[in-house]
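Colleague: Chains as they are written, first to last, in my numbering: chain F, 1 to 568; chain H, 1 to 606.
Calculated directly from the structure, the hints in this document are not laboratory data. It is possible that part of the hints are untrue.
Derived lysine-lysine pairs resembling DSS-like cross-links, with alpha carbons at most 30 Å apart [as the list claims (entries may be wrong)]: (1) LYS147/F <-> LYS213/H; (2) LYS358/H <-> LYS111/F; (3) LYS429/F <-> LYS213/H; (4) LYS146/F <-> LYS113/H; (5) LYS88/F <-> LYS10/F; (6) LYS184/F <-> LYS212/H; (7) LYS89/F <-> LYS353/H; (8) LYS172/F <-> LYS213/H.
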Amino acid sequence: MTEHGSFYRKITYLVLIAVLLFPISYLGAPATNEVEGGRLAQLRAEHDLGQSDLGDIDPASETIRLATLGLRGVAVSMLWSKANEYKKKEDWTNFRATLSQLSKLQPYFIKFWQYQAWNLTYNVSVELDDVRDRFHYVKRGIEFLKKGISYNRDSPYLLSELGWFIGNKIGKADEHKEYRRLFKNDDDFHPPTRPPEKRDNWLVSRSWYETSRSVVEKDASKIGQKNPVIFFSDPARAQINYSEAIEKEGTFGEKARSAWATASKMWDDFGKLDIKSSQGFNIKVGTIGKLAEETEALEKKLAQLSPSAIEKAIKEKRASLTAEEVAVLELPEEGLTDEQSMQKYEAASKLLVQPTDVAALIARETPELAAEARRLASRIVSNTAKMRLARNNNEVVNYDYWAIRCNLEQTPEALRARELAYTARRVFKNDADLLQARELFEESFDEWAKVFRDFPELPFDSVTGSDIMEYVEQYATLLQQLDLNLVDEEVGRNFPLWAVVEANDMSGIYAKAAGKYLRNETVTNGDESTDDAGAQDGPAAVDEPVEEDALSSDVEAAEPATPAAANE
Amino acid sequence: MVLEQDILPYLQWFLGSSDTLGALPRFLLVALGVALLGLLGGYAVAAARHGILRGGDLTYRTVSAGFRELFEMSPRRIGALAKLAIKEAWRRRVWVAFAVFIVILMFAGWFLKTDHQDPAKLYISFVLTATTYLVLGIALLLSAFSLPSDFKSKTIYTIVTKPVRSGEIILGRILGFTAIGTILLATMAICSYVFVVRSLDHTHDVELSTLKKIAGATGNEGRTSLDAYHRHFIELDVEGAENQALSNHGHYHPISRRGENIRVGQAENFIRARIPQWGTLRYLDRQGTEQARGISVGSEWTYRSFIEGRSQAAAIWTFENVKPPSYLDDPDIPDEDKGLPIGLIVRVFRTHKGTIGKAIGGSIQVRNPETLLTSEIDYFPAVDAKVDEQTIPRKLTNIADGSEIDLYEDVIQDGKLEVIVQCLEPGQYFGFARPDCYLRMPDGSPILNFVKVYLSIWVQMVIVIAIGVSASALLSGPVAMLLTVSFVLLGFFRDFFVGVAAGTEYGGGPVESLVRLITQQNVMSPLKAGGAEPIVQGIDFGLQGIMLSVAQVLPDFSAFSTVSFAAYGYEVPAERVFQDLTTCLAYIAGLAVVGYFLLRTREVAR
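Build out the structure end to end from the sequences listed, making use of the hints.
Modeller: As structure tokens, then:
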């Protein structure tokens, strides 16, 4: 044995090596066109982790990563530090060159692309003074993201970020007018296949958002930590922004209407989209009403199963309260200590009757209805949870407002109102024709008044309200040059948007006047003989008195008229 | 051009002034310190090995022999040894470094693109930086392993048995390796220049469809085709102007026109060697009180400080030795062409957007520093962070009485001139550093400038060779290389090293930093070492003393680099070149002496 020890040992090693080859082959066999390969290759294919699945394979990147001989981490750290130093010292050329080197070393690190593209587009661009230089770096950041996407083509993070940069940075920056113009005229940025009318930053942004969305639609897990409601609303928001932007730049009529119609449809589709909530079930942010109706019907059905069940449930709940809780419930709200308030709240909570309580009571009293009662109660609970989540998410994207807005902006009145205001401003600024500008502004306000009457659900203090407030401020400036003031009797009495002004006047300079004219209108509409001027000059009162009442009544409810004010 | 360290006049730098210690006194002090340390160290070793008296005798003899040999050195023998070193270097395939350099240039295109606003800067800094690292690397390998391999292979016996002195061996090696390094560097310089010029070389076509009449003026305007990631706007047939593709990406193209045939020429002004004459800068604050610096706008980089718009705040440059142009009295040249050319770099800082797309306005005035005769305000739109080349007209208006004044006769006095720059818009700021305004001399030769930058790389190479050869006289190859690498690395981060030694860096000395690193303590809070803080800081105190001493002889490699001059398109000042050469000479002399004594400690060299 001793003589042959060495030989046997070698044989053992060989056998062990041969045995190990099996698991290695099982795990690591590479995939070919015909064979799907070992377990690792299969997992790689299943989860799209192969390099070619991620994006382009760059020989330069591969070479340089190999050339670092395992010191990639060190090289990356040094280059990041260098990039920071270059940024600090405003050496943008070397900063970009360093980013380019880094991109070869860590092409699949999504955060790197996001962070440094943001750096270029948002941080570097604002360091420069000339707007064209700024735009140059905004574009560099966008191109940097595109490069990142070429390596990571299915990353919704990078795709959405690109949509955001092209949309919001170009379309919402202080320099948005210049940026949008430069973007449209940039022959070298746009692919030759993109027609001039599609060169709007918001439309390009929308297409990137849609690409991002299609990635998630193919594989829902790719959405990662992104808020799905915001993520899925992005394309429609881009279309809304596009519609707003073209109107701000003076495009009205059919083109603007069609843009808003598209936005409306997209927003509607978004509202109907099944979105997976954080609690696992699907919600639709735009269909809360239907859900509410359905829940109401279910509640009715449950109540019909045993009409007295709810009352009995309340009685049972009340009976289960301790004497101390009953006593605290009977205390008046005023003068409660914090502790008492808390106790009262807790006691009141115990009295709340849940559908499950009613179902349990029915089951106890009429066992043959138990199954049906439990089924109904369970659906009511589920619907309520869905409604709560849908409502929260609805508020996150301000769904209801944008739905109304998309509809109202398509109306001839809104289109005309915006066009008139735009023309008025141009006539005022460019031609200095004060009288014509005033006339145009006033016509525009009349149209806005009609819009508010047609869409009473539109709140005054919305984005639309603040848009109109901008027009009002320009109108007030114009009036000043005519030695007039918006609050003057002859102007204010004819002005139909005091309710909007009151809701959006942040400085409070029109608060008094708004109150005065709104109250006057109420009195005037109610009794024309008390104030002839108001009845004759108020456009809404003259043109459409019924709707004007509706508009005024909202305001009246918010701020009831006093006899003293009515007499003013 | 960013110039964070002022370049002093050569004599002031060499001899010093009332408030700074010159290079020569510093060198003498350091040399004296090193000599004393060496003497004491040498005597201590000798005394320990041979007794106090014999040790003293040995030390004396070694030192006196050293002095004697200094005067007995033969240039012929040094030359022969240098030749030997060249042969050895060639045998050790030093040309591989050149091959690597060529490979780097071949693949540089993977990482370099001309899609930057100033591509020349990127290309120039790339080739110069690559050359620096490569040459320093090869200098390190050559010098650190040469003598040790001779000792190992015993070939040193064939040398020391000849009538040569230890000093000659050291100097011969240094010179030999320097010679081969110089050839290598010169070849690289030629290749680099060709690479940069060829990479940037391009032309465009005129997009005829874009040509249209200039509104309200004669001539046509349009644009060129997209080449090398950019286009140019062009102006053709404009009265009083040459046809050209206007400046973009740091260059322009001349345009020649023959009837309908329009041809865009090669790129011009890509690589420049502007020669600036810098002055001194002082600031006035918003009340008009003189200040050493302007306002900080919160930038982490404090290179520039700022002046407030529409206030009395101003940046005032004082120039000396201002000379009128040689053609001042030439009657054929109109007065308009006899102005004083200046370069101005303004860093704009806005506290509000102002009018978007409109540049912030500024003003330039010139003033006689003696009589305070000041010119009328000359408005200019600020071109942010770019060189704005302007000309101060010869004929100016006196701001006091509106009379006409002559720049050279009335404003410049004894060669002195003040240039006052102000920001004109409220709430906006202009930022300046001293080099941001200069008198423009005619451009120098870019090739000569390239040579100057290579000279600064050469200086670094020679210092590395000198350190390597001296260290290898005593140490084995790898240890000598490590020591040289340490010197080079510490030299590149000298400021940080000195900061740690002087205790101005956060986190304390080396041991304290190590403790913080291991125990994950941040650098701002007081050190917690379980009661051992005094011991840690006590050790650091000793180490910091040693570090401070080492810092005195540490070459500042980052300060040697003149790459940024060429990259930004400025000529390397002659003063700077001479200062670097003097420093290099000092290192060679000092290190040759150190190397000599280290070699003398070896049995074979006695």
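Colleague: Evaluate each hint against the coordinates.
Modeller: Now for the hints, and whether the structure bears them out:
1. LYS147/F <-> LYS213/H: The hint is violated at about 39 Å.
2. LYS358/H <-> LYS111/F: Given pair LYS358/H, LYS111/F is violated - Cα atoms ~36 Å apart, limit 30 Å.
3. LYS429/F <-> LYS213/H: holds, 28 Å
4. LYS146/F <-> LYS113/H: Status holds; Cα separation ~16 Å.
5. LYS88/F <-> LYS10/F: violated, 62 Å
6. LYS184/F <-> LYS212/H: Holds: LYS184/F and LYS212/H sit about 20 Å apart, inside 30 Å.
7. LYS89/F <-> LYS353/H: Satisfied, since the Cα-Cα distance of roughly 23 Å is no more than 30 Å.
8. LYS172/F <-> LYS213/H: Measuring from Cα to Cα gives roughly 34 Å; hence the hint is violated.
Hint compliance for this structure: hints 1, 2, 5 and 8 are broken, all remaining hints hold.
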